[in-house]
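Peer 1: Chains as they are written, first to last, in the working numbering: chain A, 1 to 334; chain B, 1 to 334.
Hint data in this document are derived by calculation from the structure and do not stem from the laboratory. Hints are supplied without guarantee of correctness; some may be wrong.
Label-pair distances were calculated between CB atoms; the ranges are [what the hints assert, rightly or not]:
1. B:203 <-> A:298: 57 to 65 Å
2. B:186 <-> A:79: 22 to 30 Å
3. A:68 <-> B:152: 30 to 38 Å
4. B:80 <-> A:183: 50 to 58 Å
5. A:245 <-> B:136: 15 to 23 Å
Capping the alpha-carbon separation at 25 Å, the derived lysine-lysine pairs in BS3-like fashion look like this [stated by the list, open to error]:
6. B:73 <-> A:150
7. A:150 <-> A:323
8. B:187 <-> A:73
9. B:136 <-> A:187
10. A:150 <-> B:150
11. A:187 <-> B:323
Quantities reported herein were computed from a predicted structural model and do not represent experimental measurements. All C-beta atoms, glycine included, are put in the ideal place defined by N, C-alpha and C.
Protein chains: 2
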Amino acid sequence: MPRIAVDAMGTDAAPLPEVEGAIRAARERVAEILLVGPEDALKAELARRGAQRLPIEVVHASETVTMDDSAAKAFRRKRDSSMQVAARLVRAGRADGFVSAGNTGAVMATAKLVLGALEGVDRPALAAAFPTSKGKAAVLVDVGANVDCKPQHLEQFAVMGEIYYRVIFGVERPRVGLLSIGSEDHKGNDLTRETFRLLKESPLRFAGNVEGRDLYNGRVEVVVCDGFTGNVALKISEGLIEAVYSLLTESLSSTLRSQVGYLLSKKAFKHFKRRVDYTEYGGAPLLGVRGVCLIAHGSSNDNAIKNAVRVAAEFVRGQVNDKIERELARAVKA
Amino acid sequence: MPRIAVDAMGTDAAPLPEVEGAIRAARERVAEILLVGPEDALKAELARRGAQRLPIEVVHASETVTMDDSAAKAFRRKRDSSMQVAARLVRAGRADGFVSAGNTGAVMATAKLVLGALEGVDRPALAAAFPTSKGKAAVLVDVGANVDCKPQHLEQFAVMGEIYYRVIFGVERPRVGLLSIGSEDHKGNDLTRETFRLLKESPLRFAGNVEGRDLYNGRVEVVVCDGFTGNVALKISEGLIEAVYSLLTESLSSTLRSQVGYLLSKKAFKHFKRRVDYTEYGGAPLLGVRGVCLIAHGSSNDNAIKNAVRVAAEFVRGQVNDKIERELARAVKA
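Next up, chain A with everything else stripped away, as it sits in the complex (with noise of 0.2 Å):
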C-alpha cells in the first residue's frame, strides 16, 4: 500500500481536518499515513478517536508555516515545520508523497527544494480539476506555480497534466487544448503562438486552441497555459461561483413564492453545490516534482484530505513520475 506523509498543520482548522481525513483514508485501506505535525497534540487526537490501530504514524514536527510566511522564509527559518517534515520523509524514501493544505507557495516552493525536478522538467508546475458541463472533469495546468513561460515549459506542461488525467480520470487519449483568445490557430499571443507549434508537432492528441469558455464544456480534458493565467482563471472562477451563490440567494429570497421554492429546492442546491466541489477532486498535484505532492485547499474538510491522500496514492499506484520521465524523453526526440 502506498505510504502517504500529511502535513497535519496546514488547513485553517488544524489539525481536525487532517486527523479525520487521515483516519478516514487509513480505515478505508486508501494508503499507510504518516502523520506530522506536534506529536503530543496529534496522539492524543488520535487516540481520542478510537484510531490506535489503523496504520497512522505521527511523525514529530515542531513548527507550523502560516499563511503570512513568505515561501522563502518558510523554508528557510522553518526547517522543522510539518510541511517541511512532510516533503523530506518523501525524498528520504519513507513516504511516497505527501499532502498539505498549507500555503500553496510554501508549499510548491518547499516541494521543488527538498524534492528536485523530475528528469526533463525544467519547472514542476501545478494542476487543478474541476467540473464540467458535461459531467466530466477537466484539468487545467499550470494554475500558478510559473508566472512567466516559455513555449517549452507549456508543453511540459501539457506532456505532465495529460498524464495526470489518464491515470486518475482513466481516460486513454484526452484532448489537450491550449488557453488562448480565440480557437483559430493564428490567434493569442506571442507565447501560446509559439507554443501551439510545439503543440502541434508533439505526440499528444492536440486539439488546438481553446477559449476560456471551453474549461467548463467539456471540449477537452486537458488545458495548458502559463501560472499568471491559470491562477487568475482558477480565482475568478471561485469567486464568480460566490458571487452567483450571493445574488441567487438573494434573489430567491426576494419573494414568498421563491421563498417556498427555495426551501423546496434546497436539497437539489446542495446536491448542486457538490457537483461544483472541487475539493472532491483532492487538491491540486505539484507535477513534475521526484515524488508526489498534492497540494489541498486551505478551507479543506476531512473529505477533501482525504481524497487528496486518495489521488496521492493513485499518483504512486498509477507510477505517474516514471510516465512523466519516459513521455517528456520522447517528446523532446520527436
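Starting from the structure of chain A, add chain B where the hints point.
Peer 2: Chain B only, in chain A's frame:
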C-alpha cells in the same frame, strides 16, 4: 443631442435588434440615430414599425462583415461594410460615436484604422463592465484589444478605465486594482510587477494588486490587465455562468420535490439572470480612439443595442475623450 451611428448588420439576428434598439433609443430621446446598412431593407423595417417621424436617418452600406472575415480582410476588402461606413461617419463628424455588434476583432481594427488613437494613447483598449455581488458594477480593461502589453500600456488602460467608470457610473474616485495572482505588492509576473510601480506613482486611487476573485466582490471598481488575460477572464466567466445554469437546472429537476421548487423559483431565476446580464451595461467601449466606439455582443437584443447607444451618448456628453487626453498628459508628466 448626441448623434450615434448604429451598424445595423452586426447582431446574429441583424437587422431586427438594431432596428428595434434604434427605435427605442430615438423614442426615449437617448440620441439621434444614423442607422447604417442596406437602405431599402432598413427603411422598410422602420416604416413597418411606424418610426418615420423619429430622429433616425438611414445611411446606405452595401456590404456586411461576417464572423468568418478576419479583421484585416474585413477592413481592406469590405470598404462599404456597414461597420466601416459607421466608423467613417464618426471620422467625418456626422456622428459623435458608433455602435456595432459585429465581429469584435473587425470592429476594433476598423475603429483603430478609421478613427486613429487619441493624443497620448499608444494602444486603444476594450473595457467590459459586469455586476459584482455588492450590486454595483466593476470594469475590466483590457479584455482583448492588446494581447502582448508593456507596463506603460497597462498604465494607460488604468487611466482610461477610471474615466470610463467615473463618467458612466458616477463615482468620483473609483478604486483601481491591478489583476495579479496575490494581493501582496510583490506578487505577479514581470509585466504586473513593473506596472505596479507605475500605478503606485500615478495620480490614480490605486488599490494595489487584486486577485481573480476580487472581480466579482466589489473590492475595486476598475481592474486592469493585459488583453490576453482579460479576454480569458471574460470568457471563463461566460462559460462558468453557462455551466452553472446547466448543472443547476439538472440538479433542480432531479427530484419531484425540487421540480416543484424549480417552478416556484422561476421568477426569482429570471430576476437573477437579468442581474448578471452584461447586456444591461451596454456593450464594451473601445477606449482611446478618436470618437466613441461601443462594441455590443453578437447575441444582443434590442435592449442591449439601446443600452449601447445610451452609453455611447453618455460618453459624448461626459466628454470622455477630452478627459482621457487631459489626464494622460498629466499622468505622464507626474
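Peer 1: So the hint says 50 to 58 Å: do the beta-carbon atoms of residue 80 (chain B) and residue 183 (chain A) match that?
Peer 2: 29 Å, violated
Peer 1: Between residue 187 (chain A) and residue 323 (chain B), does the CA-CA distance stay at or below 25 Å?
Peer 2: 33 Å, violated
Peer 1: Below or equal to 25 Å on CA atoms is what counts here, so check residue 150 (chain A) against residue 323 (chain A).
Peer 2: Answer holds: residue 150 (chain A) to residue 323 (chain A) is near 23 Å, not above 25 Å.
Peer 1: Holds or violated: residue 73 (chain B) and residue 150 (chain A), Cα atoms, limit 25 Å.
Peer 2: Given that 25 Å is the threshold and the Cα spacing comes to 31 Å, the pair is violated.
Peer 1: Holds or violated: residue 187 (chain B) with residue 73 (chain A), Cα cutoff 25 Å?
Peer 2: It holds: about 15 Å lies between the C-alpha atoms, which stays within 25 Å.
Peer 1: Evaluate the given range 15 to 23 Å for the C-beta pair formed by residue 245 (chain A) and residue 136 (chain B).
Peer 2: 18 Å, holds
Peer 1: Holds or violated: residue 136 (chain B) and residue 187 (chain A), Cα atoms, limit 25 Å.
Peer 2: 33 Å, violated
Peer 1: Holds or violated: the 30 to 38 Å window for the beta-carbon distance between residue 68 (chain A) and residue 152 (chain B)?
Peer 2: Since residue 68 (chain A) and residue 152 (chain B) have Cβ atoms about 33 Å apart, the given range 30 to 38 Å holds.
Peer 1: Hey, residue 150 (chain A) versus residue 150 (chain B), does the alpha-carbon distance stay inside 25 Å?
Peer 2: With a Cα-Cα distance of about 17 Å, the restraint between residue 150 (chain A) and residue 150 (chain B) holds, given a limit of 25 Å.
Peer 1: Has the hinted range 57 to 65 Å been met by the Cβ atoms of residue 203 (chain B) and residue 298 (chain A)?
Peer 2: Given a distance of about 37 Å, which is not inside 57 to 65 Å, the answer is violated.
Peer 1: For the pair residue 186 (chain B) and residue 79 (chain A), does the Cβ-Cβ distance stay inside 22 to 30 Å?
Peer 2: Cβ of residue 186 (chain B) to Cβ of residue 79 (chain A): about 24 Å, so the range 22 to 30 Å holds.
Taken one by one, the earlier hints fail for this structure at numbers 1, 4, 6, 9 and 11, listed in ascending order.
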